[in-house]
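S.K.: Take these sequences, add in the hints, and give me the full structure.
Read off the chains here:
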Amino acid sequence: MHEKDLELLRILEDNSRLSAQEIATMTNLTPTEVEERVHALEATGVIRKYTTVINWELAGNGEVSSIIELKVSPERDFGYDRIAERLSRFRQVKTLRLMTGTYDLQLLVTGKNMQEVSRFVSEHVAPMDRIRETATHIIMKSYKENGNVLFEQQEAERLPYSF
Amino acid sequence: MRNFVSQRAQEIPPSGIRKFFDLALTMEDVISLGVGEPDFRTPWNICESSIYSIEQGVTSYTPNKGLPVLRETLSTYLQKHYNLPYNSDNEIIITSGVSEALDIAIRAIVNPGDEVLIAQPSYVSYAPCVTLAGGIPVPVQCTESDRFKLNPDALQEKITGKTKALIINFPNNPTGAVMNRKDLAAIADIIIDKDLLLITDEVYAELSYEGSHVAAATVSDLWQRTITLNGFSKAYAMTGWRVGYLCAPKELCEAVLKIHQYVMLCAPVMGQVGALEAIRSAEEDKNNMVQEYRLRRNMFVAGLNRIGLPTHVPEGAFYAFPSVKGTGLSDTVFAERLLKEQRVAVVPGSVFGVGGENNLRCAYAVSRKQLTEALGRMESFLNSL
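So the sequences go chain by chain: A and B. Position one of the first sequence corresponds to residue 1 (this note's numbering), numbered consecutively onward. Position one of the second sequence corresponds to residue 1001 (this note's numbering), numbered consecutively onward.
Keep in mind that the hints were calculated from the coordinates and are not lab data. Note that beta-carbon positions come from the ideal geometry of N, C-alpha and C, so glycine has one too. Any given hint could turn out to be false.
[Said to hold, decoys possible] Short, incomplete list of chain B residues facing chain A, as computed with Cβ under 7 Å:
| # | residue |
| --- | --- |
| 1 | Pro1068 |
| 2 | Val1069 |
| 3 | Leu1295 |
| 4 | Asn1298 |
| 5 | Met1299 |
M.R.: What follows is the structure, encoded as structure tokens:
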């Protein structure tokens, strides 16, 4: 990938609300060039979506998040792909990954409360074909999400002058 | 009672920006572009390894030259990154920051009355360190028309029978200027021809934005007559750790080591442990910081030019050096009024010696948001003139 594209992605990953003009002055591109490159990155699916990092705990909506580990019997010819695709259709599944180690699939599931999460797991996930075992872990508190620290950090004090 | 202060201590000028410092401290809502240090925190793995070492009781003196493992790792790093061959046994000394390295390097080579050339504008401690060692500092001006590179003719002009050494600092504080291989080759011929020693402060080496840094000692036959200074403060956001290093051929290094033994004994061990971790595993942290500085530079320099302060594109360090010549104000008056009227702190260029009289040093080691705000305030100030 072109160095400029990587630079754009790093900038957008940190703050996707910057204008093409602002990004242009930082990268020595013209605003049109920025727009064209971003459009191309969107078209090829490298950029999936522009979203917001929210501290839901602070927003106080009372949602419950959990990590669910699944042991799965893979299918001939398809491995884990078909069951993973099926699982990923559920709105409740925010993140889905195939893992090495003692289990196979890892799901991040959110719900309004504990009952909702547990009903989702017991009624929808556990009974699915090829799922041999589930383990549900409730997230008690999130300190960092996708590189973003969610707790208040004290600013280090700097003197206004030094050499 | 007698005046106990030595002649030399009386001779060195006090810091030229002291009154700014005091004034800025009393004001609220000041955006400071005066701070010559990274606004990032030291990467956590560095802090963590140092904390762990303290818990393990690693709190004693180290060998004078520094921890052997740090020197070995550094030697490999210098070879790999800058093509600089220095033997970890006898050609590297770990110091308490580049500040100490500079002082002991100068003391090791200057005899009373020796002239030491200093490429200016420059960091403020070079000339006083020469004076304290009994030498005579002689500025060589780097001009805006040369994009603040050291011009070989200007250098040649200042050389006399008493000239012993030349001190350079590229990437430069305060101008951000960089000397590429060709630029260095041009001055190397003169240095060799006139049999001078070169002290090169390369503390901003990692903050080079256009191509990779060229270490002066790798140019022509300079190695044998060069003392290379560098440190961890700027590249790894470790200013308060006070760890730098000095590299020189064996004979020179031995002389410097004698002074280091008596005045410092060794650099603080917890700092050395952190420095080791920095080389081993903070490469990506460093690269991320450099990328961020590059974005800020592009944005800030474009902004300065847009609001009417002509600024050359600095190729290294984290300083922009805009010219205030067109405003009719001197650098000092501009800086004072900008602070009082718009609460933006910058450093007048004249603090950094000859060649800086018409400029301001603005450190862009603050957030993009603050830079945007500072540009807005500077524009309001210019419009009010």
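S.K.: If a hint holds in the structure, say so; if it doesn't, say that too.
M.R.: Now for the hints, and whether the structure bears them out:
1. Checking Pro1068/B against chain A: minimum C-beta separation of about 32 Å lies over 7 Å; hint violated.
2. Using the Cβ-Cβ criterion of 7 Å, the hint placing Val1069/B at the interface with chain A is not satisfied: the shortest such distance is roughly 29 Å.
3. A distance limit of 7 Å between C-beta atoms decides the matter here; for Leu1295/B the minimum to chain A is near 4 Å, and the interface restraint holds.
4. Interface hint status for Asn1298/B: upheld, as the beta-carbon distance to the closest one in chain A is roughly 5 Å, under 7 Å.
5. Contact between Met1299/B and chain A, as hinted, is supported at the beta carbon level, the nearest pair being about 5 Å apart and thus within 7 Å.
Hint violations for this structure: numbers 1, 2, all remaining hints satisfied.
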